[in-house]
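Here the protein sequences line up with chains L and B, keeping their order. Letter 52 of the first sequence, counting from 1, is numbered 52 in the numbering used here, and no numbers are missing. Letter 128 of the second sequence, counting from 1, is numbered 128 in the numbering used here, and no numbers are missing.
There may be inaccurate statements among the hints.
Claimed, not checked - Sample of chain B residues at the chain L side, in silico, Cβ under 8 angstroms:
| no. | residue |
| --- | --- |
| 1 | Ser43 |
| 2 | Asn44 |
| 3 | Asp47 |
| 4 | Ile51 |
| 5 | Leu53 |
| 6 | Thr139 |
| 7 | Pro141 |
| 8 | Pro170 |
| 9 | Pro172 |
| 10 | Tyr173 |
| 11 | Lys179 |
| 12 | Gly181 |
| 13 | His182 |
Claimed, not checked - Heads up, incomplete: computed chain B residues facing chain L, CB under 7 angstroms, no partners named:
| no. | residue |
| --- | --- |
| 14 | Val37 |
| 15 | Ser41 |
| 16 | Phe140 |
No wet-lab data here; the hints were simulated from the structure. Note that CB positions come from ideal geometry on N, CA and C, so glycine has one too.
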Amino acid sequence: MSAEASPKIVIVDESPIRAAILEEGLREAGYTGVVHISEMQSLLARIYALDPDIILIDLENPSRDVLEQMFQVSRAVRRPIAMFVDQSDAASIQASVDAGVSAYIVDGLKKERIKPILDLCVSRFNAFAKLQDELDRTKSALEERKVIDRAKGILMKLKGLTEDEAYVLLRSTAMREKKKIGEIAQSILTASEILK
Amino acid sequence: MTTPLRIGFIPLCDAAALIVAVDKGFVRDEGLDVTLVREVSWSNVRDKLNIGLFDAAHLLAPVAIASSLGLGHVKVPITAAFNLGLNGNAITVTPALHAAIMEEIQGDRLDPMATAQALARVVERRRKTGAEPLTFGMTFPFSTHNYQLRFWMAAGGVDPDEDVRMVVLPPPYMVESIKNGHVDAFCVGAPWNSIAVDLGIGHILHFVSDILVRAVEKVLAVRQNWAEKNPDVLAALVRAHIRAADFIEQPENRTEAAEILAQQDRIGVAAEVIQRTLDGRLKISPDGTFRESSRYLLVGREGADRPDPAQAAWLYAQMVRWGQTPMSADALKTAMAVFRPDLYDAVAGRAGEPVEAPDPIGAFAGPAFNPADIAGHLAAFRIGRQSD
Chain L
1 MSAEASPKIV IVDESPIRAA ILEEGLREAG YTGVVHISEM QSLLARIYAL
51 DPDIILIDLE NPSRDVLEQM FQVSRAVRRP IAMFVDQSDA ASIQASVDAG
101 VSAYIVDGLK KERIKPILDL CVSRFNAFAK LQDELDRTKS ALEERKVIDR
151 AKGILMKLKG LTEDEAYVLL RSTAMREKKK IGEIAQSILT ASEILK
Chain B
1 MTTPLRIGFI PLCDAAALIV AVDKGFVRDE GLDVTLVREV SWSNVRDKLN
51 IGLFDAAHLL APVAIASSLG LGHVKVPITA AFNLGLNGNA ITVTPALHAA
101 IMEEIQGDRL DPMATAQALA RVVERRRKTG AEPLTFGMTF PFSTHNYQLR
151 FWMAAGGVDP DEDVRMVVLP PPYMVESIKN GHVDAFCVGA PWNSIAVDLG
201 IGHILHFVSD ILVRAVEKVL AVRQNWAEKN PDVLAALVRA HIRAADFIEQ
251 PENRTEAAEI LAQQDRIGVA AEVIQRTLDG RLKISPDGTF RESSRYLLVG
301 REGADRPDPA QAAWLYAQMV RWGQTPMSAD ALKTAMAVFR PDLYDAVAGR
351 AGEPVEAPDP IGAFAGPAFN PADIAGHLAA FRIGRQSD
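With the rest of the complex left out, here is chain L:
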């Protein structure tokens, strides 16, 4: 950080985990004035009360449109804010939209001060998306394991098969039907529910 004071940054994000990951990253990089808003009611009033230099918002948040009002001159809006859009830097806009984050800055803040913050956001958002993805995959793999185990149990009981034989039957059926083992297992569970 240079001798200039650390800009005040507001993170608008309904996901507390992602906001925490981003906040931590910003603090590590030396940005001390970071506030997280997770409540969308009266968003503009809260932002004006905090009077930030930079606002970061995730793109899944419908309140992005609320922030657009900050560009307008009206009774409700006193301080001009601009979106961080550098026409010369299409790659950076693309990267931020891909990552799912958007930045708004007060007029007059220098671009070179924004860029590292936005880059940091993009990498943290991407890291979060990767984590989320891994978590989802682990969860669904676990779910599928459970379903397959239960389907095996039903086959073993109804057809007098061993566990290995039940699995082979599931797998060969899946291959023949061009479906996943999990899907075949799920239909066995559904059928056995109905036929109970």
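Given chain L, put chain B in place with the hints provided.
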């Protein structure tokens, strides 16, 4: 060989022609493989269209113009060769504000001048008692909703920037905001007005067609340079949309269209609520009063799907009136050139039906709108934020 396209939309009934064109297979018949992407904000739709993540989008007509002029955001010229419809918005007020307006009203409660003047008296009375100014929700600074609310209340003597608060609210938050008292009224598209009425927390005060007979709402937007590079793809897309609009306008298809739109990954609300919009028969009061209008939402009839540059000029005039941009003849020309009836006509294989002359807008107040005389239009209204 099919052409893959990604098209963004916001879950609203006026995306009807787009959703039906895709889900009825009309785009596939044209050799297009369209993926519809549901979005949560107009800012996202605009940005993803601008940077090329979307090939086309269901877009607020004023955003298409603002984007072409570089207002409020980066300048990316947009082409609109198909109009997704006319009208379709409504103004909903809380039961308390409804009662206050009805107490003050002199004249017909469907007459927007009578309600606007009653609103002015409500505002004045609140000021005297030191009550907080009324808050009106709308969807975006560059939105028809913003301009329609402003046009209406200003005609009755209410200054939208001084006498009340105008706030942007994402449509999914409108109902919640009226329920918890954050807003006293809102202007939004279907189905949100009906949902507020069904919940017993709102009265539909006006259909926007009370305020403007013909008001362009959403357009099928593409980037101008994309349109120039892909004229055949655009023509195919417009052809599929014209077919979809014709389909929706056949009364016997309404139920099927409503069911298509109601799907969870499309608009995601009950088909019955959507059909009320398509039929123009809306419950306007929690007591079960219905109101029917042949002008509620026009998808394809009366030439509604053909882009009309006069409509673009009217929207541009509102941007000037409310201080979003200074008046410039060049900008007006650019705004009008966003709407491309010539491209529409080339696809439709017919010259467009002439719009009911002499007034392409049919506003309830002020002189007939003449795109060649924006200054005259602006001079006719006392309240405004016009900068020189």
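So, against the hints stated earlier in the document, which numbers end up violated here?
Those not satisfied are hints 11, 12 and 14.
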